[in-house]
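Student: Residues per chain, in single letters:
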Amino acid sequence: MKFLSQLEIGEKATVKSVNGEGAIRRRLFDMGITPGAEVYLRKKAPLGDPIEITLRGYELTLRKAEAAHVEVN
Amino acid sequence: MLKFALAGNPNSGKTTLFNALTGSTAHVGNWPGVTVDKREGTYKKGDQPVDIVDLPGIYSLSPYTPEEVIARNFILNERPDCVINIVDATNLERNLYLTTQLMELDVPMVVALNMTDVLDKRGDRIDVKALEKRIGLPVVEISALKGVNVETLMTRAIDALKTPRVAVSVLKESALGSAISNAEIALKLKEVEAPLFHAVKLVEKDAIEVQTHPAEARAAEAFIRENLINDQFNGDTEAAIADARYKYITEHFSSTLTRARKQSYDELSKSDKADKILTHKWAGIPIFLVIMFAIFHLTFSENFLYLGSIIPSFGEWCAVEGSAAKAIFFAGGLNSPGVILFNALDLLTGSIGEWLSLGLDGLGANVVLSGLIVDGIWGGVASVLSFLPQILVLFLFFSILEDTGYMARVAFMLDRIFRRFGVSGRAFMPMIMGFGCSVPAMINTRTMADERERQATVRVIPFFSCGAKMPILLAVSGGIVQVFGVGNADVITYSMYVLGIVVALISLLVMRNTTQRGEASPFIMELPTYHLPGFKNLMLHLWDKAKHFITKAFTIILISCVAIWFLSNFTWSWKHVGYVTIREEEFARTDLSILASIGQFIQPIFTPLGFGSQLNSNGWVFAVAAVLGLIAKEDVIAAFGTLAACIAPLAFGGSSEDGIQEVALMIGATGIEIPALISFIAFNMLTIPCFAAVAAARGEIGKEKFKWTLLFWIVVSYLASAIVYTVGQFVWPVAIWIALTIVATVGIVMYNKYADKKDAEKRLLGARK
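The listed protein sequences derive, respectively, from chains A and B.
Counting from 315, one number per residue, gives the positions in the first sequence under this note's numbering.
Counting from 28, one number per residue, gives the positions in the second sequence under this note's numbering.
This is chain A alone, in the form it adopts within the complex (with noise of 0.2 Å):
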């Protein structure tokens, strides 16, 4: 099992699946974190965490902790 929080800068993902529960779950689907969705580590912040990803053609960023919910493959 590998998770978004453990892509290296410059890879390349789809979302498998997205855990957790309630409002950060609801969050990662909103912004268009779901099943399929083609995701791309573009940089990590200076301290390390959080990280950037590029999806649907828009840069998010998210936590560790929370990228850590979504499945990739």
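It is possible that some hints are incorrect.
Stated by the list, open to error - Lysine-lysine pairs mimicking DSSO-like chemistry, simulated, CA-CA at most 30 Å apart:
id, chain 1, residue 1, chain 2, residue 2
1, B, K563, A, K378
2, B, K300, A, K326
3, A, K316, B, K308
4, B, K563, A, K326
5, A, K378, B, K308
6, B, K297, A, K378
7, A, K316, B, K173
8, B, K308, B, K289
9, B, K574, A, K326
10, B, K274, A, K358
11, A, K358, B, K730
12, B, K289, A, K330
13, B, K173, A, K326
14, B, K563, B, K173
15, A, K378, B, K274
16, A, K326, B, K785
Don't read these hints as lab results, they were simulated from the structure.
Got chain A; can you put chain B on it based on the hints?
Tutor: Positioned in the frame of chain A, the structure of chain B alone reads:
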């Protein structure tokens, strides 16, 4: 009048469109209990005036964030005649996600496809006709920034009213289609308005919906359990619905977009290139620090670009001592733009004050009346107004940073640090702004999602010592150096700033573990593309702020000035205190005033802080100065000026601009000592801020919690100053404070464990139900 609502994603150009539609008639209205602005204005260019409501920017109609609930309730309950859905063409998929939800409401709707000009520049194109056909709604290409096609949009919207719109859902074709149809029929039988919208929410197991229609919710759940449990989502309808929406969008809508070139992740746009430098792994944070320094330098420095230090007699070369140019532009070196504007306005208000005084004398007005008008009213209002230029300059810079998209990156870079104190990276900007002025800083907290986190942030903002507190720092530390001949004024000032930051961070940590309990809120944020700020929007923004500030100066501050003037000029027997002439200048005998006796009465309160009863009979001035600081922090040093004249008439050696002389006199007249003076600075810096900031905090926090905020400020400032004084004066109390800190820490940790346990129990109970 017709009422149209603007709905769309944050940063899709909603407010720009709002301003383009309503022009200068826009007014900002705060609704009670609402954390975000819901603006209202009027569109007057068409055949009939239309009321335009700008809803908060949202990504979805979920029940989780306050903005989303506000927007949802507004559309459902207030029933606007039409919804204008703004869609950012450069970010089609995610923007249309909200559109698919709005379509499920039976309100007439128009899609405004914004930023197509940016798309054109890239060479990309959207087939609007095809999109219109597939979406089943009128789609109008606009440029909100340039005002292109805005009138067409309004005409199409008014046309849309003529035929009632039937709600449609893109989910009907998905696996959940039958479940939604069933729920819709059940709700229709109950004569629920907007049955399709509610049906989707029921199937989604939306918390608000399940509560309102429990029977239908159970039926929907049973249906799903029987028929759909075996799909890939395993009955998780919230995931299935989000997935179905995005799938539908990619299949049917995204295909209307043809790109000039195939997108590749390695290809960097201008924005990406800028971002590469600005958020660079090593350079990112240093660049940020330099930008911050530059902003403060441009706003507050009296030694612009250090010209005065590089060329020692720079100021003397450029202007003659005593001239207006010298006063405005050259303090030692060249002044920064912020200070130049400050001085210019100060000179203007000062002249108005003199004209007022001369005019009143010419009319033969009573000396008391002229004192009220010139010193009481105009002096007070002008002293507050004089800070307007610097506040606006600071605000302009921060607006530019926000407009360009840099602020979002700052939050991105610093989130890691701030999380340790229980707040997310978004709290950072308001805090930094606090060094300039607490009022705009508190308003800026609205970008924060979590309400508790936001309240905690508003409460600590005054600890970031603002521009008006600077004179206290400079004058008192200058006085200490002059009288006691110890230390260095710069070091004292600097350490006080650091003290403020430390107190703020400790307070945040304590609050987030006790009254404002909670982890730092999740940080899932869009990073907008960088773009140049729009001049017109910046100016509108500034004008809004200026108007707000000026109104306040002429209402609440004016009234308080009259009250203070009265209290410091009249005795308890309602007679004027009279005047004393020192060196041909007349000074009111403030020492006989009501204010003085109040000062003597409350003086003992400050004994633990070192400036209470242990001082001699003149000691009340410190108490009075501290209380006056509640109106405006500038009053603290101003009060020393007037009071020094009464208390030490023989020793009074003329005035100096920075108030150091006055403070030195007060030290001599009252017998106060160094630790008490430092504690005095600390108290003024940390206690209840000025009137304007108190009003702003009340607006942001809300009435109910506001009284606790006042108490919080009093307790924190009292405690911190008491620690400073007792440790500085006697040293040994350090043991007591350490012991108390340990007890408090243990207490908080235990409380947290207990509260966590209770929360877990509650959750368990909720799950069982």
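Student: Now tell me, hint by hint, if it's right for this structure.
Tutor: Right, here's what the structure says about each hint:
Restraint check for K563 (chain B) and K378 (chain A): not satisfied, since their Cα atoms lie roughly 39 Å apart, outside the 30 Å limit. A threshold of 30 Å between alpha carbons decides the hint, and for K300 (chain B) with K326 (chain A) the separation of about 20 Å falls inside it, so the pair holds. Taking the CA atoms of K316 (chain A) and K308 (chain B), the gap is near 25 Å; set against the 30 Å cutoff, the hint holds. Restraint check: the Cα-Cα separation between K563 (chain B) and K326 (chain A) comes to about 40 Å, which exceeds 30 Å; the hinted pair is violated.
Annotation: proposed proximity of K378 (chain A) to K308 (chain B) holds, straight-line Cα distance about 17 Å (limit 30 Å). Proximity of K297 (chain B) to K378 (chain A) is assessed by CA-CA distance (about 27 Å); at most 30 Å being required, the pair is judged to hold. With a CA separation close to 46 Å, the supplied pair K316 (chain A) and K173 (chain B) exceeds the 30 Å bound. Under the criterion of a C-alpha separation no larger than 30 Å, the hint pairing K308 (chain B) with K289 (chain B) is consistent with the structure, at around 29 Å.
This hinted pair does not check out: K574 (chain B) and K326 (chain A) have alpha carbons roughly 50 Å apart, beyond 30 Å. Between K274 (chain B) and K358 (chain A) the CA atoms are separated by roughly 29 Å; this keeps the pair inside 30 Å, and the hint holds. About 41 Å separates the Cα atoms of K358 (chain A) and K730 (chain B), which puts this hinted pair outside 30 Å; it is violated. With a C-alpha separation of about 24 Å, the suggested pair K289 (chain B) and K330 (chain A) falls inside the 30 Å cut-off, and the hint holds.
Using a Cα cut-off of 30 Å, the hinted pair K173 (chain B) and K326 (chain A) is violated, with the two alpha carbons roughly 37 Å apart. Of the pairs offered as hints, the one joining K563 (chain B) and K173 (chain B) holds, with about 10 Å between alpha carbons and a cut-off of 30 Å not exceeded. A threshold of 30 Å between alpha carbons decides the hint, and for K378 (chain A) with K274 (chain B) the separation of about 26 Å falls inside it, so the pair holds. Taken as a hint, the K326 (chain A) and K785 (chain B) pair is broken in the structure, with Cα atoms around 42 Å apart against an allowance of 30 Å.
When the structure is compared with the earlier hints, violations turn up for hints 1, 4, 7, 9, 11, 13, 16 and for no others.
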